[in-house]
Amino acid sequence: MDQKIIDLYDEYTHAPLPRRVFLDRLVALAGSAAAVPAILSLLEPNYARAAVVAEDDGRIATDRTSYQGATGDVRCYVARPKLADQSPAVVVIHENRGLNPYVEDVTRRLATEGFVALAPDMLSPLGGTPSDPDKAREMIGQLDGDKAVNDIVGAMSFLMAYRYSNAKVGAMGFCWGGGMVNRLAVKAPDLKAGVAFYGPPPDPALVPSIKAPLLLHYAGLDQNINSRVPAYEEALKKAGVSYQIHMYEGVNHAFHNDTSAERYNKDAAELAWTRSVEFLHKSLG
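According to the working numbering, the residues represented by the sequence shown are 87 to 371, in order.
Derived by calculation from the structure, the hints in this document are not laboratory data.
Dumping the calculated DSSO-like pairs for lysine-lysine here, alpha-carbon to alpha-carbon at most 27 Å: (1) K273 / K297; (2) K254 / K368; (3) K221 / K233; (4) K323 / K368; (5) K221 / K90.
Put together the whole structure using the sequences plus the hints.
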């Protein structure tokens, strides 16, 4: 697929562009309106693909519950190893499409790797994640960023006290959620590890507050995010923060999301996942 089309879609999902403007530009790039449905089927999420670990997988136990956050009750999805007494814990922070089947599957994947994983629905203050991904994206833009970070701090507190947790808590986030991992690292001194997939960096001036080791994954073709990475890395070095940065060349933003066929990159996704699991086990014990 023409990279200009993928870049346009990323602009649509992150700027965001009105859908009418996006479709008009897409028609111009595609050459005809007739080509648009096939292109969208490769770009837009198809949650039927999000089933690496089934809900009824015998290795794990899952639950839908809520915890007390800064904005009130925050709904969440929890997965854990079924036979473990206590395990390290990870908050899983979703993209700007809300708590959807892809993120729930990632949460189950972490449980099969030996973690208690909790994915908060960050749209809980607005009624929860809707079924329409575009509506969810619009709602994300209505959130107060500082309150959202404090809601994630509430998830950490929940996990620290959770009977199946060893009280050591890390965080993993994707896209918008990756940016929230960076902001959480600034905010929460108790965070033991942060894994951010193509997440917007925080204000470099705030980096000295970070105590947790960080693992940062970036996509080589993601020009919007990557333009801010050098200043972030410089600030991390100056502050003496323990960090690793991996740039996956030739792949697009959201390369880990296997529900978007055109942007997903199997090799990069699997390598980033292996690195993340090893990092979390080392950091959380």
